[in-house]
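Participant: What follows is the residue order along each chain.
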Amino acid sequence: MPAEGLLALRNVWKRFHSGGTETVALHDVDFVIEPGQFVTLIGPSGCGKSTLFNIIAGLEEPDGDGSVLFQGQPQRHRDLLGKVSFMPQKDLLFPWRTVLDNAALALEIEGMPRKAARQKAAALFPEFGLQGFEKHYPRQLSGGMRQRVALMRTFLFERELLLLDEPFGALDALTRSMMQRWLLEIWARHRRTVLFITHDIDEAIFLGDRVIVMSARPGTVRCDERVDLPRPRSGEVMLTPQFLDVKRRLLAIVEEESRKTFSASA
Amino acid sequence: MEERPSLIAPVATAIVVVAAWWFLVPLLGINPRYLPSLSTVVADGLSIRSDLVAGFWRTFVETALGFLVGSLIGFAVGVVFAYIPILERAFLPILVAAQTIPVIAFGAIVVIWFGNTILAKVVIAFYLSFFPVTVATIRGLETVDRDRENLMRSFGASGRQIFLKLALPTALPLIMVGLKIGVSFSLAGAIVGEFFGDTVGLGVLLIQALYFEQVPRIWVLIVACAILGTIPYALLVLVERRWVWWRAE
Ligand SMILES: Nc1ncnc2c1ncn2[C@@H]1O[C@H](COP(=O)(O)OP(=O)(O)OP(=O)(O)O)[C@@H](O)[C@H]1O
Ligand SMILES: [Mg+2]
Numbered sequence: 220m221p222a223e224g225l226l227a228l229r230n231v232w233k234r235f236h237s238g239g240t241e242t243v244a245l246h247d248v249d250f251v252i253e254p255g256q257f258v259t260l261i262g263p264s265g266c267g268k269s270t271l272f273n274i275i276a277g278l279e280e281p282d283g284d285g286s287v288l289f290q291g292q293p294q295r296h297r298d299l300l301g302k303v304s305f306m307p308q309k310d311l312l313f314p315w316r317t318v319l320d321n322a323a324l325a326l327e328i329e330g331m332p333r334k335a336a337r338q339k340a341a342a343l344f345p346e347f348g349l350q351g352f353e354k355h356y357p358r359q360l361s362g363g364m365r366q367r368v369a370l371m372r373t374f375l376f377e378r379e380l381l382l383l384d385e386p387f388g389a390l391d392a393l394t395r396s397m398m399q400r401w402l403l404e405i406w407a408r409h410r411r412t413v414l415f416i417t418h419d420i421d422e423a424i425f426l427g428d429r430v431i432v433m434s435a436r437p438g439t440v441r442c443d444e445r446v447d448l449p450r451p452r453s454g455e456v457m458l459t460p461q462f463l464d465v466k467r468r469l470l471a472i473v474e475e476e477s478r479k480t481f482s483a484s485a
Numbered sequence: 025m026e027e028r029p030s031l032i033a034p035v036a037t038a039i040v041v042v043a044a045w046w047f048l049v050p051l052l053g054i055n056p057r058y059l060p061s062l063s064t065v066v067a068d069g070l071s072i073r074s075d076l077v078a079g080f081w082r083t084f085v086e087t088a089l090g091f092l093v094g095s096l097i098g099f100a101v102g103v104v105f106a107y108i109p110i111l112e113r114a115f116l117p118i119l120v121a122a123q124t125i126p127v128i129a130f131g132a133i134v135v136i137w138f139g140n141t142i143l144a145k146v147v148i149a150f151y152l153s154f155f156p157v158t159v160a161t162i163r164g165l166e167t168v169d170r171d172r173e174n175l176m177r178s179f180g181a182s183g184r185q186i187f188l189k190l191a192l193p194t195a196l197p198l199i200m201v202g203l204k205i206g207v208s209f210s211l212a213g214a215i216v217g218e219f220f221g222d223t224v225g226l227g228v229l230l231i232q233a234l235y236f237e238q239v240p241r242i243w244v245l246i247v248a249c250a251i252l253g254t255i256p257y258a259l260l261v262l263v264e265r266r267w268v269w270w271r272a273e
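Chains A and B, in that order, are what the protein sequence lines are.
Our numbering applies: residue 220 is where the first sequence begins, and numbers increase by one.
Our numbering applies: residue 25 is where the second sequence begins, and numbers increase by one.
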């Protein structure tokens, strides 16, 4: 593996221009992700997290001043399309496709024959707790199930780097903590590199090997904290002094940044 | 997928209307000049049944051909306009203006161009039906969700895959609406085309009945046109129920 890790962002900026006004969404974002790491990204609303993901997914071009390196290679606009598995903030299921065909979408796009794609997707259904729902349509599912279908679709697009944008943001607390544990199990089994956006500090610490806190807009890396809690992690871990210690430190920073967002918009 | 709406209510309504028309109209002594009883209308229809069947078939063929060509071209034009906005801006206003020409005036020109042939009627039917399909296709393709498109692109999808797997299914419910409007317009076009003169067709019979003030005959033709208009519409509804049941979320 090159010295640059799996993914390296170097001085990444993103400015949006609309109607004569400039919005700086990201400024000087700089970090490296090592292969196999589970990195969580937390920051106030509107600080540019989704924009950052769009850049890493190849959907949006960073401004000229910085660079994105993937497996050591500098990436130009659109180079990254098709190279990372990206799960956007909304589940974005296709209402006319069954759950099975939704899950198999990326495989179909990759050119796998429909039958083989369905077979491969169907094999994952038990693991994702969706067995028996293959023939259902998205609107017949609960929010948590839809999210799992979207996650399965992302998983089936087998790439080294997974980008998950607030996958559990819309779920109730109970479902959410079930999903967190379940995600860690899946991750332990499949060992992919994960970059995970959340608004929830507990979630960020519980899941991550590392928590990156972003500043209020214009977003940049405000702090980058290792989380050395042993794995596998259970819910108990959230009560350990070590966890609380990390939480206390991050909470102070996150709150400070959130306050900036509020006073800026007030 | 959709819950099947029961046929009982519409069928019951139809029976009531038919019964009222058959029995109540003579009973109330309504002047047959305004509304002849259904029995008179049916008798008149039977007396010209061979002309009626031939006319029905002819008008159906004109409507169907005009609609098929109109919807295919309408769809193609809609797709082109949706993907090449400069063409939409350049040509859509002209099409809109052209649509405001009264179909009678337009029909006269078409008959001068193509003579009193079946082709002239098909052209008029085509002209009326393609525009709603074009507009529906453009609007449908405009509703394609940017986020879903980005998702597909992140999976490395080609433009063709995005069109077939995302844009087209998104647009289909609206396109179906356009087709349903188009098929009704197509029938109107075929009938107006026949007004300019011909020997077969419901429009021909209608013009003759008007000329000779054959009131029951007019009603025969009104019913025939209603049936002719309902058949393709119902077929489209069936297609929609079976294959295009989803709505934009
Ligand atoms: N296409 C765009 N054009 C103009 N401004 C944009 C565009 N996309 C995002 N922005 C702006 O960039 C900033 C960052 O947006 P982004 O969606 O990345 O935030 P976020 O951190 O994901 O927020 P949230 O936590 O609420 O999802 C916002 O101020 C947003 O208005
Ligand atoms: Mg976001």
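Among the clues, some could well be false.
[Stated by the list, open to error] Using 30 Å as the maximum straight-line C-alpha spacing, the simulated BS3-like pairs for lysine-lysine come out as follows:
no.	chain 1	residue 1	chain 2	residue 2
1	B	Lys204	A	Lys309
2	A	Lys334	A	Lys309
3	B	Lys204	B	Lys189
4	B	Lys189	A	Lys339
5	A	Lys309	A	Lys339
6	A	Lys302	A	Lys339
7	A	Lys334	B	Lys204
8	A	Lys354	B	Lys189
9	A	Lys479	A	Lys466
10	A	Lys302	B	Lys189
11	A	Lys466	A	Lys309
12	A	Lys309	A	Lys354
13	A	Lys334	A	Lys354
14	A	Lys479	A	Lys309
15	A	Lys339	A	Lys354
The hints are simulated quantities; they were obtained by calculation from the structure and are not laboratory data.
Every value quoted in this text rests on a predicted model; they were computed, and no experiment measured them.
Participant: Under the criterion that the straight-line Cα-Cα distance not exceed 30 Å, is the pair Lys479 of chain A, Lys466 of chain A satisfied?
Facilitator: Roughly 20 Å between the alpha carbons, so the hint for Lys479 of chain A and Lys466 of chain A holds.
Participant: Take the C-alpha atoms of Lys479 of chain A and Lys309 of chain A, compute the straight-line distance between them, and say whether it is at most 30 Å.
Facilitator: Within the cut-off at roughly 26 Å; holds.
Participant: Quick one, are Lys309 of chain A and Lys339 of chain A close enough, alpha carbons at most 30 Å?
Facilitator: With a Cα-Cα distance of about 24 Å, the restraint between Lys309 of chain A and Lys339 of chain A holds, given a limit of 30 Å.
Participant: Run the distance test for Lys204 of chain B versus Lys189 of chain B: straight-line Cα separation, threshold 30 Å.
Facilitator: Answer holds: Lys204 of chain B to Lys189 of chain B is near 23 Å, not above 30 Å.
Participant: Decide if the proposed pair is consistent with the structure: Lys302 of chain A and Lys339 of chain A, CA atoms, cutoff 30 Å inclusive.
Facilitator: Given pair Lys302 of chain A, Lys339 of chain A holds - Cα atoms ~20 Å apart, limit 30 Å.
Participant: Given the hinted pair Lys309 of chain A and Lys354 of chain A, is their alpha-carbon gap at most 30 Å?
Facilitator: holds, 22 Å
Participant: Has the given pair, Lys189 of chain B with Lys339 of chain A, been kept, meaning a C-alpha gap of at most 30 Å?
Facilitator: This hinted pair holds, its Cα atoms lying about 19 Å apart.
Participant: Taking 30 Å as the top limit, are the C-alpha atoms of Lys466 of chain A and Lys309 of chain A close enough?
Facilitator: holds, 27 Å
Participant: Can you confirm whether the C-alpha distance between Lys354 of chain A and Lys189 of chain B stays at or below 30 Å?
Facilitator: With Cα atoms ~18 Å apart, Lys354 of chain A and Lys189 of chain B stay inside 30 Å; holds.
Participant: When you check the alpha-carbon spacing of Lys334 of chain A and Lys354 of chain A, does it fall within 30 Å?
Facilitator: Measuring from Cα to Cα gives roughly 14 Å; hence the hint holds.
Participant: Tell me if the straight-line CA distance from Lys204 of chain B to Lys309 of chain A falls inside 30 Å.
Facilitator: violated, 33 Å
Participant: So if I understand the rule, the pair passes when the alpha-carbon distance is 30 Å or less; does Lys334 of chain A with Lys309 of chain A pass?
Facilitator: At roughly 27 Å apart (the allowed maximum being 30 Å), Lys309 of chain A and Lys334 of chain A satisfy the hint.
Violated hints for the displayed structure, listed by number in ascending order: 1 and 7.
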